[in-house]
Amino acid sequence: MIRSKYKRTALRIGLRVGVVSGPGQFPEDRPGRIVEKDVNRWGTHWQVEMADGSEEWISALETTEMGIGWYAIEEST
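Position 24 of the sequence shown, counting from 1, maps to 43 under our numbering, and the rest follow consecutively.
Since the hints were made in silico from the structure, they are not lab data.
Every value quoted in this text rests on a predicted model; they were computed, and no experiment measured them.
Watch out, some of these pointers could steer you wrong.
Derived Cβ-Cβ restraints for the label pairs, each shown as a range [claimed, not checked]:
hint: 1; residue 1: Glu93; residue 2: Arg60; range: 24 to 34 Å
hint: 2; residue 1: Glu74; residue 2: Glu47; range: 11 to 21 Å
hint: 3; residue 1: Glu93; residue 2: Lys56; range: 13 to 23 Å
Calculated lysine to aspartate or glutamate pairs in the EDC-like style (CA-CA distance at most 16 Å, straight line) [as the list claims (entries may be wrong)]:
hint: 4; residue 1: Lys26; residue 2: Glu47
hint: 5; residue 1: Lys26; residue 2: Glu93
hint: 6; residue 1: Lys56; residue 2: Glu75
hint: 7; residue 1: Lys56; residue 2: Glu74
All C-beta atoms, glycine included, are put in the ideal place defined by N, C-alpha and C.
Working from the sequences, and respecting the hints, build out all of it.
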C-alpha cells in the first residue's frame, strides 16, 4: 500500500518533501527541500525550495492517506 511509505515526520530544515496536487501524482513527482523556517503570529511556516527552482511555503505535512498535500519523502542527512 503506497501510504505506508509516508510516515509522520517532524518538519525541519533539510527535510526532503514532495507535493501531490492532483490524481495520479506522487510526492516524488514534484520534490523539494525545506530551507527556511518562519515563525510569526499566524504560526510556523516552512520555505521549500523545489527541484525546478521555484519556492513554496508550507505549514504541515499529510501523514495518513495519499491525497492532495505535502509529504516527507526521506529523512535529511
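A quick look at each hint next to the structure:
no. : hint                      : verdict
1   : Glu93 / Arg60: 24 to 34 Å : holds (32 Å)
2   : Glu74 / Glu47: 11 to 21 Å : holds (19 Å)
3   : Glu93 / Lys56: 13 to 23 Å : holds (19 Å)
4   : Lys26 / Glu47             : holds (14 Å)
5   : Lys26 / Glu93             : holds (9 Å)
6   : Lys56 / Glu75             : holds (12 Å)
7   : Lys56 / Glu74             : holds (13 Å)
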